[in-house]
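Let's have the full structure, built from the sequences with the hints guiding it.
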Amino acid sequence: MKLKILKKVRVVVSLTFFFAVASLFLDFNFSLPENGYDFVAYLQFIPSLLKFSLFTSLATAGFIFVILFTLMFGRVYCSFLCPLGCLQDIFAYISKKINKKEYLYSLSHLKTRYGLLITVVFTYFSGSIIGLILLDPYSNFGRILTHIAAPVVIGINNSLVSALEKINLYSIYPVELKGTNLSPFFFSMTVLGLILWMSLKYGRLYCNTICPVGTFLGFLSRYSLFKIKFNLSDCIKCKACERVCKSGCIDLNTQKIDFSRCVACYNCFNVCPVSGIEYQWIFQESKEQAFKDKGKRDFIIQTAAFLLTFPFSAGGVEKQRKFYKKSTVPVVRKTGITPPGSLSLKNFLNKCTACHLCVSICPAGVLQPSFLEYGLLGIMQPRMDYKISFCNYNCVACSRVCPSGAILKQDREEKKLIQLGKVKFIQENCVVYTQRTDCGACAEHCPTKAVRLVLNKKIDKRAPQIDESICVGCGACEFACPTKPHKAIYVENNPVHLKAKKPKENKITEDVDLKKIFPF
Amino acid sequence: MKRREFLKKSFKLGCSVGAYLAFGDQVKAFAADKKTRDLPFDLVAIKGEEPDIMFNRAIESLGGMKKFVKPNQTVVVKPNIGWDVEPERAGNTHPLLVKQIIKQCMDSGAKDVYVFDHTCDKWSRCYANSGIEAAVKDAGGKIVPGNLEKYYQAVDIPRGKRLTHAKVHELILSSDVFINVPILKSHGGTKLTISMKNLMGVVWDRGFWHRNSLNQCIADYATFRKPDLNVIDAYYVMKRNGPRGVSKADVLKMKSQIISTDMVASDTAAAKLFGMDPADIPYIGFADQLGVGSRDLSGLNIHRIVL
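First to last, the protein sequences are chains A and B. First residue of the first sequence: -6, per my numbering; consecutive thereafter. First residue of the second sequence: 1316, per my numbering; consecutive thereafter.
These are computed hints drawn from the structure, not numbers from a lab. Just so we're clear, the structure is a prediction, and the values are computed from it rather than from any experiment. Beta carbons are placed, not taken as given, at the ideal position from N, Cα and C, and that holds for glycine. Do not take every clue at face value.
Stated by the list, open to error - To be clear about the criterion: a stretch of chain B counts as covered by chain A if any three or more of its residues have a C-beta under 8 Å from a C-beta of chain A, and this derived list gives those stretches:
(1) 1372 to 1381
(2) 1409 to 1416
(3) 1435 to 1448
(4) 1614 to 1621
Here's what the structure looks like:
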C-alpha cells in the first residue's frame, strides 16, 4: 500500500525537472542565476556521459548516478528525470482524459531497440556523433523547445510588448528571433509528431523502440536489485495494472513483467486494489517464475547478425566530413566556426548532441544550428554565424550552460583571449579601396583592435589593417562590414582554438589642466 | 466613366487626408526648428566638475531647461549606448548626465521622456552595463528598445546628397523635443564621434552610410531633424581605439561638457577640446556647406565656465 505514494513522487519530480529544463531553454532575459542551475542538466544521461569522458570528476558524474539508480530500481531516469519522457506522459495523460485510453500488453521490439542502440554506439566509436544528435532524448527535447516552443513564447511576449506600447508602457522588452533554421525546425516537428502519435496511442512506445538511452537503461535494468514483480499469492488478476501500463510490459496472462521496458512510472502500484504487484529484491525467493532466457538469447543472436551486416564503411566518417562551400561566394571559409570554450573542432563535433541550449540562450544570437557547414554528420550542431550576429566580447553565456562538455566553462577574462579564428581581409571588396570613401565599420566593432585603420598613402585614405595575433575571431568585423553581396573581411576558423595575444595597453599620459581655459 | 473617375479621385483624396491624419504630428516635428528660443549664448562650454553638476550649471546659464521643454511635451533623449562596456571605458554617454537631463525635463513638466539607441553590441546588455537603463528608470524616464526594425519609419531627406531617404526611429519623429547627448571620443572611420555622428543611432540601416561615403551621409542626415539641444559629454574621453576602445588605458578624464543648439558649432568646439583640427574631420565641413550650422566659432557668443 505504501507503494502508492511512489507515483505521486514521480509526477512531482518529473514535472519539476520538465519545467526546470524548459525554463533554462526559455530564459530569454537571462534572469536565471549564473551558478547553481547546473543540477538541471547534471543528471541528463547523454550530456553527462559525454562531459565525463572529457573530465572525469564528480562534477560530471551525473550519469553514474543514473546507472546506479537503474541497477537498484530500474529505469527511474525515464519517468523521473527525462524531460522528453515527461512530455510523453503529459500527452498520454491528455489522451487518457479524453479517450479513456487503456493500454494492453504488447510484444517487445527487440530488433529495433537494440539495432538502434548498437548503431548509435557503433557510429560514435567510428568517430561520428550523428546517432546521438538524432536520437538523444534530452537533445530532442531541447530542439523542440528551441525551434517550436520558443518562437511561440517569443511571439506571445512580443504581442504583449506591442499591446503595452500602444498604451505608452515600455516595461517589458521585445525579444528578437534571430535566424530561421528550417532543418532543425522540420526535424523537431517530425520528432514531436512521432512522439505525439506514439504517446497518444501507445504510451511510452518511443522509449521502448527508438530511444537509445531507454534501451541501454532497459538492458541494465535486467540486472536491477529490485524489480517490479507480481505477488502471485495476492494478485486477483483484475488486469487494472496492465490497463494503465504505458510501456505495455505487464502481461497478466502469464503474470510476467518485461522489466527492461518498464519506465518506473508506478501507475501499476497506484491502481492495484490489493498488493498484487510490488518491488521485489532479486535475492528474495521469487514469488514469480524466473524469466526464461529467451529474450537474452534473442538479443545475442540479433546483435551478432546486426554487427555482421553493418556497413563497415562507416569507419571513414572523419574523412568524409566536408565543409559546405557555395561556389559563388568569394568568402570561402574552410570550416564552420565553433564557439569559445569548445577547444577544437574535433572536441566540439565529438561532444555536441545539438540540444541547442546554447542557441537558445546566446544573447547575441550568433550561435545558430548548422546545416552542412560541419558536413552531413554534423547536421544541426551549432556554429558561429557572423551573417546574423557576432560574439559579444564580454559574454560567456554558452560556456556556462553546455551540459555535454562540447563547450567548457570559461572565466570571462580567459575567454577574451580565446582565438576562435583569425581575421582575413579581402582588399578587392573593401569600399575604402573600391569607392575611395571612408568607412571603418570593421575597425569600429573590433574589441581588440586587431583591425585598425591606417593611412594608406597611395589612396590617401585610412584603410583597414589587420593583426591576426590579437584577433579573437569574434566576427564583429565580418558582421559589421557593409559590402554586398560579399564581405571584405571575415574570420577563418582555427581547427584548434589558440590563445590570442593581449592587446597592448599604454596608458595615455596626456595632462589635463582643469583650470586652463578652453582651446576655442 | 465619370463615376469611376469620381471614385478614383475620392480614393486619392481619402488617402491624402488619411496620411495627414496619420502623420500629422510628425509634420509638426519638422517644423519644430525653434530659432526663436531667445538664448543668451550660442554655445556653453564647462569643465571641472561631475557630469550632473556641470549640466545643471550650463543649462542654467542658457536660461534653464524650461526654455527647451514646455509642460506636457514629450521628450526623446538620445545618448550613445552603443557598446557593452562600463561607464569608465568612455564608450557610452555617462549615466549621471543622462539621469540629470531626464530629471530636468521631468521638472520642467515633460509628459514623457524616452531614451533609446540603436546599439552595436547586443542592446539589452548595452542598456544594462552602460548604467543608462538604471539611470533612466531612476529619473522617471522610459528606456525604449532601438534594435528592432518595427520601430523605424521611412522618411525622405530632401537636402541629402548621398543619403536621400532613411528609416528613422518613430520616437524621433513623434516627440516634441529632441535632446542629443553624445559622448566625445575617437572614431575609426570618421576620426571623432560627437553630435552629428551620434545621430547614426536613430536610423535603421547604418550599412548604407558605410557603403556610400560615411562622412557625407553623416552631414546629409544632419539636415533632417535637428536636435533641439546637444549636450556633449566629455567627462571621460576615449582618446584612441574608438569608438569601442580596448581598455581603460585609452581613456582620459577631461571633466568637460559642451552644450549648444548648433551641431556644427558644438562638434567644432568639441574637436578642438579633443585636440584635433576640426578641418580634419570631413563631416563637419560637409555639414557646414549644407547649412546645418556654423563651424566658424569666432562669430558665436560662447560662454566658458571653469568650475
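To see whether the hints hold, each was checked on the structure:
Check result for the region 1372 to 1381 of chain B against chain A: violated, 0 residues qualifying (beta carbon to beta carbon below 8 Å, three or more required). Counting residues of the region 1409 to 1416 of chain B whose CB falls under 8 Å from any CB of chain A gives 0; the rule of at least 3 is not met. Here the region 1435 to 1448 of chain B counts 6 residues with a CB under 8 Å from a CB of chain A, which clears the bar of 3, and the coverage holds. Counting residues of the region 1614 to 1621 of chain B whose CB lies closer than 8 Å to any CB of chain A gives 3, so the stated coverage by that chain holds, three being the minimum.
Going through the hint list in order, the structure does not satisfy hints 1, 2.
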